[in-house]
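J.: Chain by chain, the residues:
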Amino acid sequence: MSAENKVKVCETPKLRSSVPIMHCPGCHYGIIIRLLCENIEELGIEDRTILLGGVGCSFLWPMMFNLDTASCPHGRAPAMATALKRIHPDTILITCQGDGDLGAIGLGCFMNALSRGEKLTTIFLNNAGYGMTGGQMAPTTLLGQVTTTTPGGRDSETSGYPLHVAELAAVMKGVAYSARVSVHIPANYQRAKKAVKVALQKQIDGIGYSFVEFLSACPASWRMTPRECLAFINDKMIAEYPLGEFKNVDVIE
Amino acid sequence: MAKGEIVINENLCKGCGLCVEFCSRGCISMPEDKVSSKGSLLAFFVNPDRCNGCGICGWMCPDFAIEVYKYVETKKPSPA
Amino acid sequence: MAEKILIEGNEAIARGAIAAGCKYFFGYPITPQSDIGEYLSRELPRIGGAFVQSESESASIYMLYGGAMSGERVMTSTAGCGFALMGEGISYISAAEVPCVLVDVMRMGPGIGTGGCHGQTDYRLATKGGGHGGYRCIVLAPSSPQECFDLVQLAFYLADKYGMLVMVLSDFIIGRIAEPVESRVLDFGSVPEKEWALKGRGKKGGRCDSHSGGNIYPSHSAIHNVTGYHVHQREKYQEIMDKEVRYETYQAEDAEFLLVSYGSSARIARGAVDMGRAQGLKLGLFRPITVWPFPNKELKEAALRAGKVLVVEDSIGEFVDDVEFAVLGQVPVHLLGVWGRHVSGLQGIIHPERVLEEVKSLL
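Residue numbers (my numbering), protein chains in the order written: chain A, 1 to 253; chain B, 1001 to 1080; chain C, 2001 to 2363.
I should point out that these hints are in silico values taken from the structure, not numbers from a laboratory.
Don't take every hint at face value.
So the derived list for chain C, only partly shown, Cβ under 10 Å to chain A, looks like this [what the hints assert, rightly or not]:
hint	residue
1	Gly-2021
2	Lys-2023
3	Phe-2051
4	Glu-2055
5	Ser-2058
6	Ala-2059
7	Gly-2067
8	Glu-2072
9	Ser-2144
10	Tyr-2229
Quick caveat: nothing in here was measured; it's all calculated off a predicted structure.
Every residue gets a Cβ at the ideal spot worked out from N, C-alpha and C, and that includes glycine.
Extracted from the complex, chain A is given alone in its bound form (with noise of 0.2 Å):
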């Protein structure tokens, strides 16, 4: 074995714009970003995927990629890509959305798109509250977690309860796939990454609706340092929201 040959083990997709990752440092968006970009290259649908992202940090995915994209109103993503796949349904549709495009504002569109039984792909980014405003409540905080709109702590009685995405997607017939993932241990982008290549094949076979969500870090909004954040998902997010399949099937009767 020798310096003098030497084969690259990772390097940067070729799915990748060249726009750089403009999200917070020890953000998790841009390990996901990799493995999307590494499954849509690993199943050759490149030519024929479109990717919309929402309103908040998944605004910039579009710009992040080598595909047709676009930026959807908030929370409308599910409602535009409908559209786009039943008026080209080869191609594959792609929704990334983050916990107020999905969970709040956005949740009417993607309930509907799940009860038509669309068949799309979202990838879900819970990271527990609304990074790009600055870090107020989302449906997907945790109860006592801090935020500036919840000075004291997430409390139940005013504020409910944490939004459970993926149990809920799991109950719809018209879905195929639901899946929880997260990217805070190496491991776990293996994981994630065979997950959301399961949900593409999904849409690939014309099966159903495929949903992947991923806990996320946010050091802005949470005020913690990367390495802290790592800490707060297995500690406290994780025992929340368990990761696993909650539903897998290759037909819907």
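Model the placement of chains B and C on the given structure of chain A, informed by the hints.
T.: For chains B and C alone, kept in the frame of chain A given last:
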């Protein structure tokens, strides 16, 4: 004996420290006295002999700032 | 020779969309236009298209937006409060400059309990904008089922030509009147290629497009700064105002009293012109067909010639504001609105006799 190496792009590195956290071989360090032109800390490849080219730092870097190489055996021609 | 069929205005809109090559419709039921969607739910799958009933108008407009990015001709239709839910989406579509058609079949507003009542109370929302930010939409106002059929086709053409949302502003009465319609496919000329359409880069030789509905990040018009973007929009709207005005006059050349009206009210006003002329009164009618761009210049000329104007509209006064703006105080403008209906219940309607009575009181 090094089995691989990494190259860190200091224009993309934001000093988040995740690579330092995930490298199990102690090959990456983020000294507190080195600041990039953008005002953040920078990650540096240190202890190159210990690198095994596993690739973890590369795929876990949120900024695509790290390329990872693995060394391969040079094939010698078999004797005639 | 195109087929002549006896159909209602709403069906004429649906058929006109298909004649224009529209194969995709996204909409939500609301009286009095649900039959547009119902017709298309039967016909579009038959021609290889798609009908999607959304969960609400707030979803329909975003389906329309997504569909508009696909490069295909797409349409939605709604009424009253459903139209109000679409405001934000119209703003995004206008910012992204993607073509599509929105049909509003007006009913009486404000509020909800008016599904069974005709009216012309979405005029301001349609022409002045219910969405945020400075944008314009071309608004076409049919006055008959034939015009419904024709103007929907024109709407798709103008949408493609200028890259924008074009509205067809119909109303309950027009939607439900049945008249003979010549179902001819109209050819308005060529439209620009849509190389920016989202369909997967493989179908575009590797070209990637990105749309964002904002004037900060790139839209397909490739203008990436705030000032440049707005200057471009203003120039576009000026070109439309210079080139796309449409209107109709009836006996207005020698009129000494001008009725100004649009949509279903124009039919009533026209009846009043006939009645008045039979009694020796020199009445005339000016009927805008584009209510944006409004025929300011042409209306002012006709109004100055006549010297007196009566606006007839089934509202408390929305369209009349544009008429007053057009004549700039140089001609007195009177209004016969909702109070001109013959009874105060839902079935009240302004009759031509009542219009004539109003004219006589102003002479």
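J.: For each hint, tell me whether it holds in the structure or not.
T.: Going down the list of hints, with the structure as the test:
1. Gly-2021: It is violated, given that the least Cβ distance between Gly-2021 of chain C and chain A is near 13 Å, above 10 Å.
2. Lys-2023: holds (8 Å)
3. Phe-2051: Since the shortest Cβ distance to chain A is 9 Å, the answer is holds.
4. Glu-2055: Cβ of Glu-2055 of chain C sits 4 Å from chain A, so the hint holds.
5. Ser-2058: holds (8 Å)
6. Ala-2059: holds (5 Å)
7. Gly-2067: Status holds, d = 4 Å.
8. Glu-2072: Cβ of Glu-2072 of chain C sits 5 Å from chain A, so the hint holds.
9. Ser-2144: violated (31 Å)
10. Tyr-2229: violated (16 Å)
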